[in-house]
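First to last, the protein sequences are chains A and B.
If you use the working numbering, the first sequence closes out at 76, no skipped numbers anywhere.
If you use the working numbering, the second sequence closes out at 377, no skipped numbers anywhere.
Treat the hints with care, as some may be off.
For lysine-lysine, the following DSS-like pairs were computed, each having C-alpha atoms within a straight-line distance of at most 27 Å [as the list claims (entries may be wrong)]:
(1) A/Lys64 <-> B/Lys220
(2) B/Lys303 <-> B/Lys273
(3) A/Lys64 <-> B/Lys59
(4) B/Lys273 <-> A/Lys17
(5) B/Lys171 <-> A/Lys17
(6) B/Lys221 <-> B/Lys172
(7) B/Lys171 <-> B/Lys147
(8) B/Lys147 <-> B/Lys303
(9) A/Lys64 <-> B/Lys172
(10) B/Lys172 <-> A/Lys17
Worth flagging that the hints you see were computed from the coordinates, not collected in a lab.
Residues per chain are reported as follows:
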Amino acid sequence: MCLSIPAEVITLKDDTALVSVNGLEVNVSTLLLDNLKTGDYVLIHSGFAIEIIDSEEAEKTLSVIRHMRISK
Amino acid sequence: MGRFDAYHSKVLCDHLCEQIHRLAKRPLRLMEVCGGHTMAIRKHGIPSLLPDIISLLSGPGCPVCVTSPSFIDQAIYLAGQSNMIICTYGDLLRVKGSNGSLEMARTEGKNVRVIFSALEALEMARREPEKMIIFLGIGFETTAPATAAVIIQAKKHAIRNFFVLSAHKLMAPAMEAIVSNDIPINGYICPGHVSAITGTSIYKKIVEDFRIGCVVSGFEPLDLLQTIFMLVRQAETDRPALDIQYSRVVKPWGNQKAIALMEEAFETVDDWWRGLGILNASGLKPKASYHEFDAAEVFQIPANNISDPEGCICGEILKGLQLPVDCRLFGKSCTPENPEGACMVSSEGSCQTYYHYEHRR
Ligand code: SF4
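Just need the whole structure built from these sequences, with the hints factored in.
Given below as structure tokens:
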């Protein structure tokens with residue numbers, strides 16, 4: 005129920021975004037998000053875009069993991 | 017999803033596991049509350065990668081698992097009324113009430129339709145004005161804003177034949193109930209998509225008053241391992257804290273627009289949870305200003321109290337006190353094909369994930 009999938013915003017019109025989920029195009033509602041732009045990656049949950057995925061933060065998280073070292 | 021493939025990297029997973037093994041010195045019980053996490057943890061075999069002293073427990077965060085059987089009875093009652101159509105997410109279809117499931121009701125010819133989005137129910141109401149469309153609102157803060165948005169749209173466009181039967185619930189009261197019941201837990205793997213909406217303030221009390229670490233986690237293997245690493249570090253240094261691992265999606269302040277919609281359409285009510293009983297202000301129902309869309313206000317629905325099937329220990333499992341394999345019905349009379357209890361119904365339920373990923377190993 006709480007699963008959400010990432011998708012890329014292709015076009016925006018009124019309260020709807022056409023998004024691509026792994027190449028499959030679907031319309032989702034943007035009623036829950038302001039300031040969406042084409043090219044944004046969003047999380048889709050039961051037909052609604054619920055949050056933008058921040059690519060910079062995604063990279064930062066990976067870099068923290070890469071540099072982690074615990075001395076015994 | 018190609019773009020985020022690195023979150024599956026075997027090299028980085030091994031690296032994280034090594035760090036966890038180095039760091040973990042004392043036994044820890046970590047609870048994941050979200051059903052999506054339960055599924056991801058079992059699917060990726062995360063427990064087998066961890067030191068034996070770390071146990072992962074599933075909590076009360078699968079919406080289908082905590083929903084009351086009387087809610088199903090109410091939905092089936094409405095589905096049997098002339099001119100009414102019940103719209104539900106597919107997850108709820110096979111949960112049993114006192115007299116079968118919505119799926120069985122549909123087979124008997126009652127009007128039950130499966131939808132993917134609350135907006136579809138509203139569309140149906142527009143298309144079929146002579147019918148009364150009842151949307152079953154279930155789920156936590158991830159799904160509640162969508163229901164709120166749809167109720168507000170219904171009012172704005174004066175759609176008079178659309179109603180919501182709400183079993184929406186809030187995540188934090190259940191997490192607080194577990195720790196205040198003295199169930200031993202050393203840290204919470206907090207739900208990523210609930211937190212994307214709510215932000216992190218809902219966990220403040222758990223960290224500050226109960227001194228239990230809370231880390232908001234993503235759903236990929238690296239996300240979960242990093243979250244576990246963070247919780248182990250907190251426990252080993254005795255510094256429980258509120259942290260976000262899933263920072264590419266979750267902001268401390270959450271999704272303000274979604275929160276505003278929920279506050280506009282809903283108010284909190286005391287609500288029943290499987291395993292935890294009735295918890296204060298843990299459920300959501302439409303506010304007085306939206307009563308005309310609240311199926312529970314508009315229709316006379318008979319209420320009855322029923323309990324779980326004899327022998328089912330879902331309630332104990334949802335509190336992290338027992339495991340699915342402790343249930344004598346598990347894998348025998350209760351299977352995903354023929355579920356007895358709610359935790360076997362949903363693909364995110366503890367019993368079903370155990371059945372698929374552990375039982376057969
Ligand atoms: S195995 Fe079935 S009956 Fe047993 S606790 Fe799980 S859902 Fe309930």
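Indices of hints not satisfied (ascending): 6 and 9
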